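Chemist: The primary structure of each chain is shown beneath.
Protein chains: 2
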Amino acid sequence: MRYELYYWIHIQGRGEFVRLALEEAGAEYVDIGRESGPGMGVEAIRNFLQDQSIEHLPYAPPFLKAGKLVIAHTANVLHFLGPRIGLAPKAEGPRLWAHQLQLTVTDFVKEVHDTHHPIANSLYYEDQKPEALRRTKLFLAERLPKYLGYFERVLKANGHGCTVGRSLSYVDLSMFQLIEGLRYAFPRNMKRAEPGYPGLVALRDKVAARPSTAAYLKSPRRLAFNDKGLFRQYPELDELQ
Amino acid sequence: MRYELYYWIHIQGRGEFVRLALEEAGAEYVDIGRESGPGMGVEAIRNFLQDQSIEHLPYAPPFLKAGKLVIAHTANVLHFLGPRIGLAPKAEGPRLWAHQLQLTVTDFVKEVHDTHHPIANSLYYEDQKPEALRRTKLFLAERLPKYLGYFERVLKANGHGCTVGRSLSYVDLSMFQLIEGLRYAFPRNMKRAEPGYPGLVALRDKVAARPSTAAYLKSPRRLAFNDKGLFRQYPELDELQ
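Chain order of the listed sequences is A and B.
Each number in my numbering corresponds to the 1-based position in the first sequence with 326 added.
Each number in my numbering corresponds to the 1-based position in the second sequence with 326 added.
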């Protein structure tokens, strides 16, 4: 199966959680927005979202085409892909558990995003700076430890150096991405917080060392974090709480 | 199968999307928080979340116990339950499509919640009123029409008076709940907006008239909307945009 990923091209964003899974698995895929030629490029994404004949229209990217299926929402895409590319259990119970963890990742990522956009996505960060500062203070003091503490506890309870079962899953790749993103966005706060989450840090290192993932991270396919993505580095928001 | 629903007892909240499905299906379930006796009541929920021996620990309610499985996240619970209680297709493609729509409901509900809590969940509304007003203005002007327009378009594209396939699904019950909640929270804005979404309004009426759901809505099991839930009525936030 050749998968087609539809996602914006200038940010890691939510699409990166899918890219990491496809890359680690060595799956055959086309990153539609970043290719050129007929049916490729950002225009292809826009055209798709305008196409009145699409039966199952996504609300927004990322979405994946797999044969005739069109699947949207990051966690849903990973839920579909996971067992097919060897990155999630096939049995229903553990598969739903992986999905449940990924949905908690989704919630966390939304809260990270809203630190710099507490009022509206349609406004620039510069238009909501006082609100962003207020929200971020409470995010760093309350939400960051709650989410990271939860994932650390899940890792410990599982006991195999990964979040689900005995082998690497897409949830572990998402843990890597969370730690990387948080380190980028909040270097001072993360430096202080990380000793409290040794399992997550070890998992981050383990994922980074996987040959496929390591090759991907060094490739031009891995975009850099930047000031348009989910994780943004605004030093004024990274005051130690 | 006797399902056990774990959710807070004073609000409809996210648990209501699950309750509506269980009630419409006539499924056998226990609303653990609202029963008394051993292993029941709010204490039982708190104890569960503190229990170090739980293999698949939820991040937060609602969650469902189904035999040995513990499933958290509203959309994940509905994804699991749907085909089992006749409220979602069994085939993978349509089932993932229903789930995808429900995940868009999840995102929408989070944005509704953040109209009155744009800074932090841990603060009272009264402590974030200027920010709430600013966020709500943009929510009503930009987000409400985007989400409702999307669901209206999905309904039209499907063409059977429901969102998925040819029969009622849990997604339709969630559409009912969204319209009800929005009418409660933003009566003035909804009165003006609703003529633009005739499909959704007709679907809301159709769901309300289903015998099982109608009986549930009249029963004491249906909590009233109130000022602690997701949908809150603050008249100062309901200025026409």
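Keep in mind that the hints are not guaranteed to be accurate.
Copies of one chain are not kept apart here, so a pair can be met inside one copy or by any two copies together.
Under the rule of at most 20 Å between Cα atoms (straight-line distance), these lysine to any residue pairs were calculated in the SDA-like manner [claimed, not checked]:
{"#": "1", "residue 1": "K436", "residue 2": "N447"}
{"#": "2", "residue 1": "K544", "residue 2": "A519"}
{"#": "3", "residue 1": "K455", "residue 2": "S379"}
{"#": "4", "residue 1": "K472", "residue 2": "L383"}
{"#": "5", "residue 1": "K463", "residue 2": "P415"}
{"#": "6", "residue 1": "K391", "residue 2": "L449"}
{"#": "7", "residue 1": "K517", "residue 2": "S538"}
{"#": "8", "residue 1": "K394", "residue 2": "N484"}
{"#": "9", "residue 1": "K517", "residue 2": "E478"}
{"#": "10", "residue 1": "K455", "residue 2": "H443"}
{"#": "11", "residue 1": "K394", "residue 2": "R421"}
{"#": "12", "residue 1": "K436", "residue 2": "A386"}
{"#": "13", "residue 1": "K532", "residue 2": "E520"}
{"#": "14", "residue 1": "K472", "residue 2": "Q378"}
{"#": "15", "residue 1": "K472", "residue 2": "F374"}
{"#": "16", "residue 1": "K517", "residue 2": "P471"}
{"#": "17", "residue 1": "K472", "residue 2": "K532"}
{"#": "18", "residue 1": "K455", "residue 2": "G475"}
{"#": "19", "residue 1": "K436", "residue 2": "G412"}
{"#": "20", "residue 1": "K463", "residue 2": "D453"}
Keep in mind the hints are simulated off the structure, nothing from the lab.
Source: prediction; values computed, not measured.
Chemist: With 20 Å as the alpha-carbon cut-off, assign the pair K532 and E520 to within, between, both or neither.
Modeler: within (16 Å within a copy, 52 Å between copies)
Chemist: Reference check for the pair K455 and G475, CA-CA at most 20 Å: within, between, both, or neither?
Modeler: Intra 28 Å, inter 30 Å, cutoff 20 Å: neither.
Chemist: With 20 Å as the alpha-carbon cut-off, assign the pair K455 and H443 to within, between, both or neither.
Modeler: For K455 and H443, both the intra-copy (9 Å) and inter-copy (17 Å) Cα distances are at most 20 Å.
Chemist: Classify it for me, K436 with N447: is the Cα-Cα distance of at most 20 Å met within a copy, between copies, both or neither?
Modeler: So K436 and N447 pass the 20 Å test inside a copy (11 Å) and across (14 Å) alike.
Chemist: Treating 20 Å as the Cα threshold, decide for K472 and L383: within, between, both or neither.
Modeler: between (35 Å within a copy, 14 Å between copies)
Chemist: Give the relationship of K517 and S538 under a CA distance limit of 20 Å: within one copy only, between copies only, both, or neither.
Modeler: neither (27 Å within a copy, 54 Å between copies)
Chemist: Is the C-alpha distance from K463 to D453 at most 20 Å within one copy, between copies, in both cases, or in neither?
Modeler: both (18 Å within a copy, 15 Å between copies)
Chemist: 20 Å Cα cut-off: does K394 pair with R421 within a copy, between copies, both or neither?
Modeler: between (23 Å within a copy, 14 Å between copies)
Chemist: Under a CA distance limit of 20 Å, which applies to K394 and N484: within one copy, between copies, both, or neither?
Modeler: Answer is between: at 17 Å across copies they meet the 20 Å cutoff, but 36 Å inside does not.
Chemist: Please work out whether the CA atoms of K517 and E478 approach to 20 Å or closer within one copy, between two copies, in both situations, or in neither?
Modeler: Within. Shortest intra-copy distance 16 Å satisfies the 20 Å Cα cut-off; inter-copy 47 Å does not.
Chemist: One pair to classify: K391 and L449, alpha carbons no more than 20 Å apart. Within, between, both, or neither?
Modeler: Close neither inside one copy (31 Å) nor across copies (42 Å); limit 20 Å.
Chemist: Are the CA atoms of K463 and P415 at most 20 Å apart within a copy, between copies, both, or neither?
Modeler: Close neither inside one copy (38 Å) nor across copies (44 Å); limit 20 Å.
Violated hints, listed in ascending order, are 2, 3, 5, 6, 7, 17, 18 and 19; each of the other numbered hints is respected by the structure.
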